[in-house]
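Using the sequences and the hints, build the whole thing.
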Amino acid sequence: MKEQLYTISVYTENNVGLLNRIATIFLKRHINIESLNVSRSEIEDVSRFNIVTYITEDQAKVVTKQIEKQIEVIKAYYHTDDETIFQETAIYKIASDLLFDQREIQNIIKDSHAEIVTVARDFFVISKTGRRQDTEDLYNQLKPYGIMQFVRSGRISVSKNKMEISELLTNI
Amino acid sequence: METATKKHSTPKTSVKMTGAEAIVKCLITEGIDTIYGYPGGAIMPVYDAMYDYKDQLKHILTRHEQGAIHAAQGYARVSGRVGACIATSGPGATNLVTGIADAQIDSTPVVCVTGQVAKHLLGTDAFQETDIISISTPVTKWNYQITKASEIPKVMAKAFYIARSGRPGPVLIDITKNAQLEEFDFEYEKCTGIRSYKPEAEVQENQLKAAAEIINQAKKPFIVFGQGVILGQAEKEFKAFIEKTGIPCASTLLGLSALPSSHPLYVGMVGMHGHYAPNKLTNECDVLIAIGMRFDDRVTGDLNTYAKQAKIVHFEIDPAEISKNVKADAPVLGNVNKSLVKILPFIKENKHESWMNEFKKLSTEEHNIVINDELTPKGNDITMGEVIKEINSVTHGEAVIVTDVGQHQMVACRYSEFNKTKSNITSGGLGTMGFSLPAAIGAKMAAPEREVISISGDGGIQMNIQELGTILQNKVGVKILILNNEFLGMVRQWQELFFDKRYAETPIMSPDFVAVAKGYGIEGRCVTDRKNLKAAIKEMIDSKEAYVLEVKVEKKGKVFPMVPAGASVSDVILK
Ligand SMILES: Cc1ncc(C[n+]2csc(CCOP(=O)(O)OP(=O)(O)O)c2C)c(N)n1
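So the sequences go chain by chain: A and B. Every letter in the first sequence is one number past the one before it in the working numbering, and letter 62, counting from 1, is 62. Every letter in the second sequence is one number past the one before it in the working numbering, and letter 77, counting from 1, is 77.
Do not rely on the hints blindly, as some may be mistaken.
[To be verified] Each computed EDC-like pair below joins lysine to aspartate or glutamate, with the alpha-carbon atoms no more than 16 Å apart: (1) B:Lys324 <-> A:Asp58; (2) B:Lys324 <-> A:Glu68; (3) A:Lys75 <-> A:Glu44.
Quick caveat, the hints were computed from the structure, so don't treat them as lab data.
Below, the structure written as C-alpha cells:
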C-alpha cells in the first residue's frame with residue numbers, strides 16, 4: 001500500500017495532557033509528524049488538531065482509531081490532500097537595506113503576492129500563505145539575498161465534505 | 001475522630017473538608033473497601049485522613065508499590081470491580097508503572113492515586129518530584145493531575161467511571177500536596193457520562209445480520225473467545241450462543257475460565273503454547289468468530305499466514321481493535337453481553353459433528369505425544385504438569401489459579417481445570433514476572449471464600465517475594481506453589497531450541513523457600529519426590545492459612561506444543 005500525505009483532524013476537549021497523549025500514538029509507531037497545528041474549532045470550547053503525516057491508508061485508519069480512543073478526543077478524521085482545502089503560512093525576516101538596494105526583491109514580493117507585515121528601520125517582515133510549494137519557492141528566491149529568520153506554520157485545512165461533528169455533539 | 005453522622009452519610013449537600021479527606025470519601029462512595037498502598041511525604045495528608053475511616057476503607061500496606069498495584073489488579077479481576085492503590089510521589093509513583101502497564105494491556109480496571117509535590121514546586125525538580133503524568137500517559141486509559149481541592153469530586157468520579165466502563169483500564173490521579181491540605185465544600189456526584197467518551201457502541205442490527213449470515217452458512221466455523229466475555233459478564237450469553245450454533249470454541253490465555261473446561265464444545269487454548277488442534281485448525285476453518293479478543297501476536301503467530309482462508313467475524317467492544325491486526329469481514333461492535341444476545345434470533349441452530357471430530361483426532365495426537373507424558377511421566381523427575389493434575393484432583397476446578405510468567409504459567413493454564421469464571425488470573429499481555437504473589441493477595445482478599453493458589457517459578461517468586469510480609473501482617477490465606485526447576489525455565493527453553501543451548505544467565509539459585517516462609521511465619525514444605533506430592537498438595541489446600549509449597553521439578557523440561565515465534569499457527573510443533 002502506498003504512502004501519501006494524510007491530514008488527520010482531531011476534535012478534542014481542551015485539555016493540557018492531550019497533546020502528549022496524541023503525540024505518543026505517533027511516536028510509538030515511528031511515524032513522523034510533518035506538521036502539527038492546534039487551534040480552536042467552529043465549536044465553542046472544542047479544540048482542533050491538524051496533524052499531517054506521510055503514511056499508508058491502513059496506518060491512517062489505525063492511528064485515527066487509536067486517537068479517537070483517547071478519552072478527551074471527541075472525533076478524529078483522516079483525509080487526503082484531494083479531500084481538503086489546506087494552507088500554510090510562512091514569514092520571512094529580511095534586512096531593510098536590501099529592500100532599497102536590491103530592486104529585484106520588490107519584484108519578487110509583488111510577483112509572489114506576499115504581504116508586507118511590517119517595515120522597521122533595520123528589518124522588514126513579509127508573509128506568504130499558500131501551499132508548501134508556494135512558500136518554498138519564495139524562500140528559494142529570497143535566499144540569495146539573505147534571510148535573517150524564516151518560520152512556517154503547520155498546515156491548516158478544512159475538509160471538502162461535511163464532518164458531522166457538530167450534530168454529533170448536539171446529540172450527546 | 002470524625003463524628004459518626006459525618007462518617008456514615010453520603011453527603012448530598014456540601015460539607016467542609018480537606019482535599020485529603022475528600023479523596024477518602026470519594027473512594028468509599030465508589031465502593032472501594034480495600035486499598036493497597038505505601039505511604040510517603042507527598043501523600044501523607046491522605047494517609048492521615050484514612051486513619052479516621054479505617055472501618056470503611058481497609059488499607060493494606062504492601063512491601064513495595066509494585067505489590068500494591070498487582071494486588072489491586074488481582075482484586076479487580078476476581079471481583080469484577082475496580083481495584084484501588086495509593087502511593088507517594090517520585091519513587092512511589094514510578095514503582096507503580098509496571099503494574100499500570102500490565103493493567104492497561106490486560107484491560108483491568110484500577111484507580112491509582114499518587115501524591116505529588118505542592119503546586120508551587122511543580123517543575124522545580126523538587127524532592128521526590130517526578131512527572132508521573134507524562135510517564136504514565138502511554139500506559140493509562142486516562143490520567144489527571146489535581147492541583148486544587150475543588151477539582152477532587154469531579155475528577156475522582158470521572159476516574160472511576162472511565163476505569164470501569166467500556167473496555168476497562170487503569171486510571172492514575174496525581175494530586176499535589178496543597179490540594180490535599182486545602183479545605184473546600186465537598187459534594188459528590190457519580191459520573192454517568194462524558195461527552196467525548198463513548199464506552200460502548202450500540203449494537204447495530206445490520207452488523208448482527210451480516211455476521212449471522214456468515215455464521216449460518218459456515219461449514220467449518222471456529223470460535224476463539226477472550227477476556228471480553230468475562231469483562232462483559234457475558235458467560236451465560238456466550239454459552240447460549242455456542243450451544244445454539246454448535247461451534248467448537250477455543251480460549252485465549254485471558255479467556256480461560258469464561259467457559260467450564262469440561263464443556264463438550266471446548267477444544268482448548270490457542271496461542272504459542274496453546275493446544276494442538278485449535279492452533280492447527282485455525283488455518284482450516286472457513287469462518288473464524290472472534291469474541292472479546294484482540295488477536296495478540298502470541299495468539300496469531302505470523303499474521304500473513306493466519307486464517308487467510310477464513311471469513312472473520314469479530315465481536316468487540318473497542319473500535320480500535322477491529323481490523324487492527326486481522327481484517328474483519330463482519331465486525332460486530334459493542335459489548336458482547338448485548339451482541340451475543342441480540343444475534344441469537346438470527347442464528348440457525350446447528351451441529352458440526354464431523355468438524356468437531358477433526359479437533360478430537362488432533363487432540364488424541366497431542367495426548368499421545370505430549371500430554372500423557374506430561375501428566376503421567378515415566379521418568380523419576382516430577383513434571384510441572386503432574387503437579388497441576390494433582391491440584392485439579394483436590395480443587396475440582398473450583399480454585400482461583402493465579403500464575404506468574406514462564407513455563408509454569410503455560411503449563412498451569414494448559415492443564416488447570418476451570419469450573420467457575422474469573423478463576424484464571426495471569427499477566428497475559430505484558431508477561432510480568434513477579435505478578436503472581438501480590439495478585440493472589442488481592443484475589444484472596446476480594447474472594448475470601450475461594451481457594452486462591454499462586455503458582456510461580458523459582459525466578460518469578462523472587463521478584464516480589466517481599467509480599468510474604470503483606471501476607472504475614474494481614475493473615476491472607478493464599479496458597480503459594482513454587483515450581484522450582486533451578487532455571488529461568490522459559491528463557492532456557494528458548495536457548496535450548498533457538499540459541500544453540502548456550503544457557504546464558506538462566507541457571508538461578510534460590511534461597512531455602514521453606515525457611516524464608518518460616519521467617520515470615522508461614523507454614524511450608526518442599527517436595528522432591530513424587531511419592532510425597534499428593535499428600536503435600538492436600539496439606540497445602542487443607543491449610544486454613546497461607547502455605548508455601550515448593551516442588552522441585554524436572555530441570556530441563558520444555559513446554560509443548562509450541563508455535564515458534566514468527567511461525568504460522570498451523571506450523572505448531574509437538575516436540
Ligand atoms: C519482569 C520480567 N523480566 C523478564 C522476563 C522474561 N522472562 C520471561 S519467562 C522468564 C523465565 C521465568 O523463570 P521462572 O520464574 O523460574 O519460571 P519458569 O519459566 O522456570 O517456569 C523470563 C526471565 C519477564 N517476563 N518479566
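The hints, checked one at a time:
1. B:Lys324 <-> A:Asp58: holds, 9 Å
2. B:Lys324 <-> A:Glu68: holds, 14 Å
3. A:Lys75 <-> A:Glu44: holds, 15 Å
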